[in-house]
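Student: So the chains spell out like this:
2 protein chains.
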Amino acid sequence: MPLSSKVSEARVVFTPSGKRGYFPIGTSVLQAAQNLGVDIDSVCGGRGICGRCQIVQAKGEFPKHRINSKAENISPLCETEKAYAERPKKTLAEGRRLSCATKILADCVIDVPPDSQVHQQIIRKDAEAFDIEIIPPVQLHYVEVWEPNMYDPSGDLRRLREALEREWQLKNLRFGPGMLLSLQRELREGNWKVTVAVDYLGQVIAVYPGFRESLCGLAVDVGSTTVAAHLCNLRTGEVLASAGVMNPQIRFGEDLMSRVSYVMMHPEGAAEMTASIRGALNDLFANVAKQVKGAVEDILEITLVANPIMHHLLLGIDPVELGGAPFALATDESVRVRARDLNLTLHTNTRCYVLPCIAGHVGADTAGMILSEAPYQREAITLLVDIGTNAEIVLGNNERLLAASSPTGPAFEGAQISCGQRAAPGAIERVRIDRETLEPHFQIIGCDLWSNETGFAKASKKIGVTGICGSGIIEVIAEMYLSGILSTDGVIHGYTAEKTPRVVADGRTFSYVLHKGDQEIHVTQNDVRAVQLAKAALYAGIRLLMEHLKVKIIDRIRLAGAFGSHIDVKYAMVLGLIPDCDLLQVSSAGNAAGTGARIALLNYESRKEIEEVVRKVEKVETAVESKFQEHFVNAMAFPHKTDSFPNLAKAVELPDEKNMQNQTDTENIRKKRRRRKN
Amino acid sequence: MPLSSKVSEARVVFTPSGKRGYFPIGTSVLQAAQNLGVDIDSVCGGRGICGRCQIVQAKGEFPKHRINSKAENISPLCETEKAYAERPKKTLAEGRRLSCATKILADCVIDVPPDSQVHQQIIRKDAEAFDIEIIPPVQLHYVEVWEPNMYDPSGDLRRLREALEREWQLKNLRFGPGMLLSLQRELREGNWKVTVAVDYLGQVIAVYPGFRESLCGLAVDVGSTTVAAHLCNLRTGEVLASAGVMNPQIRFGEDLMSRVSYVMMHPEGAAEMTASIRGALNDLFANVAKQVKGAVEDILEITLVANPIMHHLLLGIDPVELGGAPFALATDESVRVRARDLNLTLHTNTRCYVLPCIAGHVGADTAGMILSEAPYQREAITLLVDIGTNAEIVLGNNERLLAASSPTGPAFEGAQISCGQRAAPGAIERVRIDRETLEPHFQIIGCDLWSNETGFAKASKKIGVTGICGSGIIEVIAEMYLSGILSTDGVIHGYTAEKTPRVVADGRTFSYVLHKGDQEIHVTQNDVRAVQLAKAALYAGIRLLMEHLKVKIIDRIRLAGAFGSHIDVKYAMVLGLIPDCDLLQVSSAGNAAGTGARIALLNYESRKEIEEVVRKVEKVETAVESKFQEHFVNAMAFPHKTDSFPNLAKAVELPDEKNMQNQTDTENIRKKRRRRKN
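So the protein lines, in turn, are chains H and U.
Under my numbering, the first residue of the first sequence is numbered 13, with each subsequent residue one higher.
Under my numbering, the first residue of the second sequence is numbered 13, with each subsequent residue one higher.
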């Protein structure tokens with residue numbers, strides 16, 4: 013270190029980054045930080061207005077850096093800081109300083125606390141999930157623009173550009189022609205002081221008169237049944253408000269294929285459905301904005317996930333090609349589009365980012381799930397499953413990733429089940445059957461008591477016991493199987509009718525009566541068959557991917573979506589929805605697609621990441637794989653005591669193969685009876 | 013040259029480029045040309061469909077290249093070429109070959125005729141103007157896209173991208189989300205063969221099913237009074253159709269400032285005027301398309317020029333800021349915008365390019381004039397003048413370029429003149445006054461005879477003599493001055509009334525009767541004053557620029573616009589509208605602004621050129637230059653016999669300074685009379 017610099021310069025070390033350098037005495041801490049590329053936020057450009065650039069001076073000896081960081085090594089609290097702290101809603105905690113107003117007087121160590129960093133982390137509650145690093149897609153920049161004068165005639169836009177370059181080193185920003193319509197007013201209203209929102213592609217999204225410091229964005233999960241939106245603070249990642257709404261397209265068909273059929277039958281069908289979903293989104297956005305007493309115009313960025321058909325309808329693309337082979341997507345790229353081009357009434361320049369689709373049956377929602385779960389960052393072979401009318405299946409690790417869609421049908425959603433219903437108050441969601449008496453007890457949504465607990469009748473009276481929802485169906489059938497009512501290949505044993513009045517003849521087959529009351533709730537042989545078909549389709553898809561990936565064992569399983577979040581993974585494994593796996597490694601991923609949308613919203617670099625990952629995902633089309641049918645047939649039966657289910661066998665007492673014999677016996681008995689009758 | 017290449021390779025020289033290289037025997041001539049970067053057109057990508065890549069083999073000895081180019085050195089006429097020539101509207105002239113179907117068999121010399129080059133030249137009739145090189149902003153690319161299949165699920169867009177890269181090496185093209193709406197249909201309608209229109213920025217503008225070979229664009233000059241459009245073939249530059257329409261905004265105010273006033277007075281005024289001009293443009297476009305039996309959807313690119321106020325109104329920007337100091341433009345950059353964002357009903361992706369404005373009073377029309385005239389490419393000091401309600405003045409050469417706007421008022425357009433009218437049949441446009449008798453004769457628009465020729469009465473009967481248009485006003489006042497009726501400072505000499513009955517007392521001043529008849533047409537003292545004010549404003553602006561540029565002599569003058577095209581430059585100089593200059597170097601530039609729009613349409617590189625030039629233009633604001641007032645006062649008088657007008661003095665007999673004295677005498681006489689009366 014030359015002597016001269018000792019006199020006029022000081023040494024500054026920033027923590028936690030460890031970045032360090034020499035700066036002339038009197039340099040502001042913010043300037044020094046920016047000069048070194050320290051991650052520190054600022055909206056107002058060092059004017060002491062935004063308070064984003066707060067730092068704390070570390071004090072004491074730092075022998076490693078040869079610094080004795082004393083209080084007097086930085087300038088004392090100044091008027092700017094006092095004025096800042098006195099402003100409404102602003103505080104400057106003890107020890108906190110505005111780095112823009114603090115000057116370096118001698119060697120010092122400066123800590124940038126997490127809330128002053130641009131790239132903050134969101135810690136996810138789910139222990140199995142990675143944290144989210146915030147890299148906002150839109151950032152605010154406050155500037156003071158030179159006023160026009162007659163001696164140097166230049167456009168408002170040019171002077172704004174010059175200010176952005178002068179104060180923020182932002183060059184070659186793109187101003188859409190729409191920006192010009194309001195620019196004059198915004199500049200004059202703000203008395204030539206404006207805050208400019210610039211997105212990660214260098215596109216100017218908004219110009220606000222005066223100083224502005226908060227920005228928000230929306231993560232939207234457009235499902236076939238429900239549409240959910242989360243309003244997030246783009247800086248902190250905080251979820252400010254959430255709302256959901258039924259997808260109004262349900263009136264065109266409950267499942268996706270019937271909606272595609274509607275489009276095929278009605279020339280204006282696609283346009284109708286597009287208008288319908290966009291209308292619902294607008295209502296939803298207004299609802300969300302209202303919750304925070306904000307305006308929809310404050311939402312500058314949206315990310316969307318959707319299955320391929322919803323994706324196409326939302327974008328106004330005819331989905332008919334997705335209704336038949338070869339199921340060609342119009343595009344498998346991500347789409348960035350102005351919200352207003354989708355007739356979404358937000359800020360005039362709000363941009364939407366729609367995650368990429370993967371294949372005709374594997375959509376942007378699956379891309380969202382992959383982004384949220386990031387199996388491509390792990391060595392463990394991970395299985396991701398999102399079960400709906402179609403089950404999306406992703407299998408692999410950081411070396412290879414495969415995806416497929418299996419046509420599970422709507423059984424898991426309670427459709428095609430005689431007493432099935434959506435997950436709503438009154439629906440049975442948990443079931444246990446006594447192995448000896450074969451008597452059931454259950455829980456319904458909206459009541460914490462089990463049906464065999466005292467007070468249940470009273471507590472459930474208002475709600476009623478109205479049906480069985482998806483997780484209830486899984487449990488009742490699994491329990492029926494475990495208690496010997498069901499055979500390994502899914503027949504309700506007729507002979508159990510002799511042991512319990514719960515099993516009753518039902519035409520040529522038998523039913524299990526789960527609940528007697530005003531509304532009798534039973535599980536029919538057809539119900540069991542429907543679940544078997546669904547679970548066999550899912551399992552066959554998983555087997556297919558395991559074969560393609562050449563793995564026999566799956567290290568971890570994550571179940572996504574509403575259904576995946578509610579089922580008891582043990583019962584899912586008992587029925588053979590998912591392959592044998594250490595039960596501790598099977599967990600719910602929550603609404604992973606929606607979380608993916610939120611990650612893409614808060615971290616724009618994740619967009620490139622998922623775009624690249626998705627390109628490398630190997631698509632397996634179950635419909636053209638002859639092996640799929642084979643796996644499907646093999647997967648109809650339920651797991652029984654063999655070497656194939658070591659983990660499951662540890663958790664439950666699986667029926668043995670004899671169970672199968674019993675069933676065949678029952679069938680034989682029945683056949684004999686029939687013959688006699690004839 | 014190694015021996016091996018002699019055996020398997022041949023030498024090819026292309027003319028006129030002179031590019032040359034060695035190619036394997038059997039290479040197609042097109043491939044060789046493209047490999048060397050020879051400027052040769054192709055839409056179909058070498059499939060023998062478009063016929064754009066025609067070449068001619070040069071035959072005989074080329075000692076310089078050591079080539080003896082014999083007919084047999086290229087493959088003979090093949091089936092592809094015969095099939096091409098047999099198609100309707102297609103011909104293959106004697107000696108012409110399709111380079112894509114012609115193979116190189118031995119050393120040869122190949123000529124690429126001008127019509128096979130992408131960069132063609134348009135020779136302009138105006139000897140003073142540079143030719144236009146065509147570098148189309150949009151080009152067509154025919155591709156065959158792979159069909160989707162279930163084993164390799166990928167989106168239509170991706171497969172189209174792959175085809176464009178495979179066949180045309182086009183990468184990273186931008187497909188707006190709007191493209192996705194019709195892509196599926198276009199690909200399937202064309203049986204996976206489509207023609208893709210790509211603009212110079214890599215933006216895909218249109219996808220046409222099947223093969224398509226022609227493209228057109230529009231150059232539009234949005235004037236305050238009239239709007240004109242030229243439909244051009246984007247490849248050849250040919251003007252396919254033209255049309256004009258009155259600017260419907262006239263109902264909001266005849267001149268621009270009254271339209272701005274309307275906006276100030278009416279909250280919806282700007283929106284009304286924007287809708288009005290856009291509506292007129294849509295009508296105009298439909299008209300132009302109809303002329304060629306085409307559809308407006310075939311127009312993929314538009315360029316527009318306009319003065320600043322029309323520019324703002326067209327783009328939907330409030331023009332009020334342009335109505336008062338400091339006359340700040342919303343933007344002085346060029347604007348590229350989708351036609352549909354301006355509510356222009358063309359192809360859904362048609363792009364508009366609006367040339368940059370220069371300053372609050374110097375618009376994109378002036379930028380168009382500068383581009384058309386290219387004074388920045390000449391050493392000669394050039395003065396460009398476009399006279400309207402404001403006169404736009406550009407002065408300079410390849411070193412410096414200055415621009416200003418002078419408030420000439422509407423006198424030159426026939427307004428503020430007692431018998432003034434627009435240039436229309438019946439308007440006097442040419443005037444001569446006998447130096448001895450002071451009798452006039454004139455020509456009217458719509459009749460070739462002079463008023464003193466036999467047959468004039470009969471010929472003009474139907475049309476009538478209805479008023480004086482701009483060029484007529486210039487001529488009559490100049491002739492009045494040259495024949496001694498007017499004094500050097502613009503007073504109608506009372507004593508001339510004694511010499512001719514044409515000069516009559518008119519209140520306290522005198523008038524000159526130009527035409528007696530049903531409708532008497534005269535020139536009043538006020539008319540002379542109005543013209544003096546207008547010409548003094550123009551001249552003062554020019555003087556100001558000459559001072560700024562520090563030049564005393566102007567090498568050449570180009571008069572643009574309707575008025576500039578019709579006036580006799582000699583008379584313009586007699587009145588002192590323009591400074592003294594060699595009359596041979598003063599000429600009309602026609603509708604230079606419109607030509608600029610056409611150049612920007614046909615040669616996209618010219619856009620960058622004018623954008624750069626415009627940035628360097630030094631803006632002089634007449635309103636803040638104190639010298640302007642001084643020049644203005646000095647410019648009120650007409651040129652007389654001095655050393656200041658050497659060129660003009662050669663062309664006409666200018667009155668001498670005595671003329672001035674006479675006038676003073678006349679005024680004195682009149683004053684005396686008045687005093688006596690009182």
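The hints are simulated quantities; they were obtained by calculation from the structure and are not laboratory data.
Small disclaimer: the values here were computed from a predicted structure and weren't measured.
It is possible that some hints are incorrect.
For identical chains, the list gives no copy identity; a pair is met inside one copy or between any two copies.
[What the hints assert, rightly or not] With a Cα cut of at most 25 Å, we get these calculated DSS-like pairs of lysine-lysine:
#1 K183 <-> K628
#2 K473 <-> K76
#3 K564 <-> K662
#4 K115 <-> K528
#5 K205 <-> K473
#6 K82 <-> K31
#7 K631 <-> K102
#8 K620 <-> K76
#9 K470 <-> K305
#10 K620 <-> K183
#11 K102 <-> K115
#12 K205 <-> K528
#13 K528 <-> K102
#14 K102 <-> K183
#15 K511 <-> K94
#16 K620 <-> K305
#17 K94 <-> K528
Student: For each hint, tell me whether it holds in the structure or not.
Tutor: Consistency of the hints with the structure:
no., hint, result
1, K183 <-> K628, "between (34 Å within a copy, 19 Å between copies)"
2, K473 <-> K76, "neither (71 Å within a copy, 106 Å between copies)"
3, K564 <-> K662, "within (19 Å within a copy, 104 Å between copies)"
4, K115 <-> K528, "neither (78 Å within a copy, 88 Å between copies)"
5, K205 <-> K473, "neither (63 Å within a copy, 66 Å between copies)"
6, K82 <-> K31, "within (19 Å within a copy, 73 Å between copies)"
7, K631 <-> K102, "neither (52 Å within a copy, 46 Å between copies)"
8, K620 <-> K76, "neither (39 Å within a copy, 55 Å between copies)"
9, K470 <-> K305, "neither (40 Å within a copy, 81 Å between copies)"
10, K620 <-> K183, "both (22 Å within a copy, 18 Å between copies)"
11, K102 <-> K115, "within (21 Å within a copy, 78 Å between copies)"
12, K205 <-> K528, "neither (72 Å within a copy, 65 Å between copies)"
13, K528 <-> K102, "neither (62 Å within a copy, 84 Å between copies)"
14, K102 <-> K183, "neither (32 Å within a copy, 50 Å between copies)"
15, K511 <-> K94, "neither (82 Å within a copy, 90 Å between copies)"
16, K620 <-> K305, "neither (33 Å within a copy, 47 Å between copies)"
17, K94 <-> K528, "neither (72 Å within a copy, 86 Å between copies)"
Hint compliance for this structure: hints 2, 4, 5, 7, 8, 9, 12, 13, 14, 15, 16 and 17 are not met, and every other hint is.
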